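Following the hints, put chain B in place on chain A, whose structure we already have.
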Amino acid sequence: MNYFHFPLEDWTNRFVDDWLLPVTGDFFEAISDGLRVFINNVTDLLIAAPPELIVLLLVLVAWKISGKGVAIFALIGSLYLGSVDLWSAAMQTVSIVIVSTLISVLVGIPLGVLATLNKTMAKVVRPILDFMQTLPSFVYLIPAILLFGLGNVPAVIATFVFATPPAVRMTTLGIQQVPADVVEASTAFGSTKWQLLYKVQLPLAMPSIMAGINQTMMLALSMAVISSMIGAPGLGSVVLKGISTVNVGLGLTGGLGIVVLAIVMDRITQGLGQKQKQ
Amino acid sequence: MNKIEVNNLTKIFGSNPQQGLKRLNNGEQKEDILEKTGMTVGVNKASFNVKAGEFFVIMGLSGSGKSTLIRLVNRLIEPTAGEVLIDGVDITKMTKKELIETRRKKLGMVFQQFGLFQHRTVLTNVAYGLEIQGMQKEERQKLAQKAIEDVGLKGYENSYPNELSGGMQQRVGLARALANDSDILLMDEAFSALDPLIRKEMQDELLSLQNKLGKTVLFITHDLDEALKLGDRIAIMKNGEIVQIGTADEILGNPANEYVSNFVKDVDRSKVLMASNVMKKPNVLMTEKSGALAAVRKMEDAGASSIFVVDKENNFKGLLTIDDAIRAYKSNVPTDEVLIRDIHTIHPETALNDLFGVAVEAKYPLPVVEDGKLLGIVSRVSILSGLVLGKDEVTSS
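Residue numbers (the working numbering), protein chains in the order written: chain A, 83 to 360; chain B, -9 to 387.
Just chain A, with the same shape it has in the complex:
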């Protein structure tokens, strides 16, 4: 099948070395610096705060949003994280997830809205999302290191790229699912496009948008673990250490911690979506 040679590898590397890094390096460095300050602040806050206070808040929020069961689970899960000495690692993972989810949502929802308003936009956005979701997540890690170095920042960037598509897609889906007669009614009474959007379409799309945020968060968590490979601290790095030293016990301890985070985050964001539906 080798009829001609397609030097994609060489081209890409030359593009990165000769243009991307020299020309845009400063730009990415600026982003990197800003992002680092932000992530570090969130991490510091979560680690410096008394764990008891965070657990109390978490349990209360879980109770209010998702009910007694989730609240009890959150309490037991927190006790577990403390008892295996993984509390601060968990908080580091949580801060990466929170920051990257926040960026994903801030970028994803407006993008999803734009895609419903503008057909060209929809045509451009869709293949990009397909690309982002299907490209193996490890592949993002390489340019992320190149542009943002090691540690928290490239982790957040890679996570953001990986986790944004559901936020965009579910926003678009939610808006498209608003019944046509409801949109017609709003228009017939003289709504502007903007009024239609924020008084009718967005509120009605909210359950779907919340489901998108939930998925984004879950993807962010899974990526935050993978990005331990590029030096992101947290539960992922505990598991990675377990792998590299063939320490089954350590791997299981860290892995269970990730499961705890996943379940609590999932149930709380799902609860938010359910609330929206009612």
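Please keep in mind that the hints were generated in silico from the structure rather than gathered at the bench. What you are looking at is a predicted structure, and each value in this text was computed from that prediction instead of being measured. Be a bit skeptical, because a hint or two may be false.
List time: in silico EDC-like cross-link candidates among lysine to aspartate or glutamate, alpha-carbon distance up to 20 Å [to be verified]:
id	chain 1	residue 1	chain 2	residue 2
1	A	Lys281	B	Asp361
2	B	Lys302	B	Asp361
3	A	Lys357	B	Glu153
4	B	Lys86	A	Glu91
5	A	Lys275	B	Glu68
6	B	Lys83	B	Glu73
7	A	Lys281	B	Glu68
8	A	Lys281	B	Glu147
9	A	Lys275	B	Glu91
10	B	Lys87	A	Glu266
11	A	Lys275	B	Glu88
12	A	Lys201	B	Glu68
Only chain B this time, still in chain A's reference frame:
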């Protein structure tokens, strides 16, 4: 002046509507255009006008273009050609801003599937049109409250639409259209999704609301009986064209072509005929103060066992039976003491269909009363003969 005037309004769906329009203007048929270009002529040169305060019904089967037509009137669908004058101003030439202003101030709309905002309460649904105009909360809620009371939904202000039955949801839809106080109501199959009984109730209430508020109504339906009941005038649509415009009588009595006559052939006469079509002159009358003996004599002359009593202004007072009259004569009391006042009266516009039950129960002919005046009487016989013979025969006999 015409409230709505529609001239040669045309809508062609497809890739190149202007080319389709050219073909249409060259006299090509809708079917040929579809075959040659793949474009659909939704509405084909429709023209009609609606006077202020008129109830105008557009009736057609599914696919006749009626729902497209009503959406062209407020430009939910952009017309391909033609004009729509609202209060003399052509809506098709308006800028976006003018269009929004016209929709806000002049055009209310009610939808088949209600089109309610599920995330809003009844009150905020109804206030929506005012809210987007930037009206203050207190003021718009006051107006919304009034509209809610007008449609009989008082007490449900804080309910959500999904907590209400279909009929009540459509009342919300109607209230939302009324709250804006626009002169024109566009109603797209507004009652088609409702149960027959609820539909009838809503039709009656809409008529009385329209009487009270003097709205101009453009009403779409696929139900000929509904069209005949509601419409001051009716336009019949087929294949995107209006084939006939006229009053119920004109359409029933004088169908413009075979299509219309096939349509109206099956009309249930009982729903078209009203009490006023079959009522007869009361055979005996007297003033309230007449003596019992005079009453007995009149009944004797007419061969009747009862007599309706009115005063000098023809205001309906009650019924006197022959037995009561004789009793009153013997015990020497005035007739107005033995008068049966609590008697079922009917309105001249009551459909014959609705009279069956009443007529079967009633021992005496039914008095037809409007604004307190006795207009005539309807007997069981006249209801039945009305059904058998139809309108013309009854009124001419």
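Structure-based check of each hint:
Between Lys281/A and Asp361/B the CA atoms are separated by roughly 47 Å; this puts the pair beyond 20 Å, and the hint is violated. A distance of roughly 15 Å separates the Cα atoms of Lys302/B and Asp361/B; the hinted pair therefore holds under the 20 Å criterion. Under the criterion of a C-alpha separation no larger than 20 Å, the hint pairing Lys357/A with Glu153/B is consistent with the structure, at around 17 Å. Proposed proximity of Lys86/B and Glu91/A is contradicted: the alpha carbons are some 52 Å apart, above 20 Å.
Between Lys275/A and Glu68/B, the direct Cα distance comes to roughly 16 Å. Compliance with the 20 Å bound is thereby established for this hinted pair. Distance hint between Lys83/B and Glu73/B is fulfilled; the C-alpha atoms sit about 8 Å from each other, no more than 20 Å. Under the criterion of a C-alpha separation no larger than 20 Å, the hint pairing Lys281/A with Glu68/B is inconsistent with the structure, at around 24 Å. A C-alpha spacing of about 19 Å is found between Lys281/A and Glu147/B, which places the hinted pair at or below 20 Å, so the restraint holds.
In summary, the hint linking Lys275/A to Glu91/B is supported, as the alpha carbons are separated by about 14 Å, within the 20 Å threshold. Restraint check for Lys87/B and Glu266/A: the C-alpha separation of about 17 Å stays at or below 20 Å, so the hint holds. The hinted pair formed by Lys275/A and Glu88/B meets the criterion: a straight-line CA distance of about 14 Å does not exceed 20 Å. Straight-line distance between C-alpha atoms of Lys201/A and Glu68/B comes to about 19 Å, which keeps the hinted pair within the 20 Å bound.
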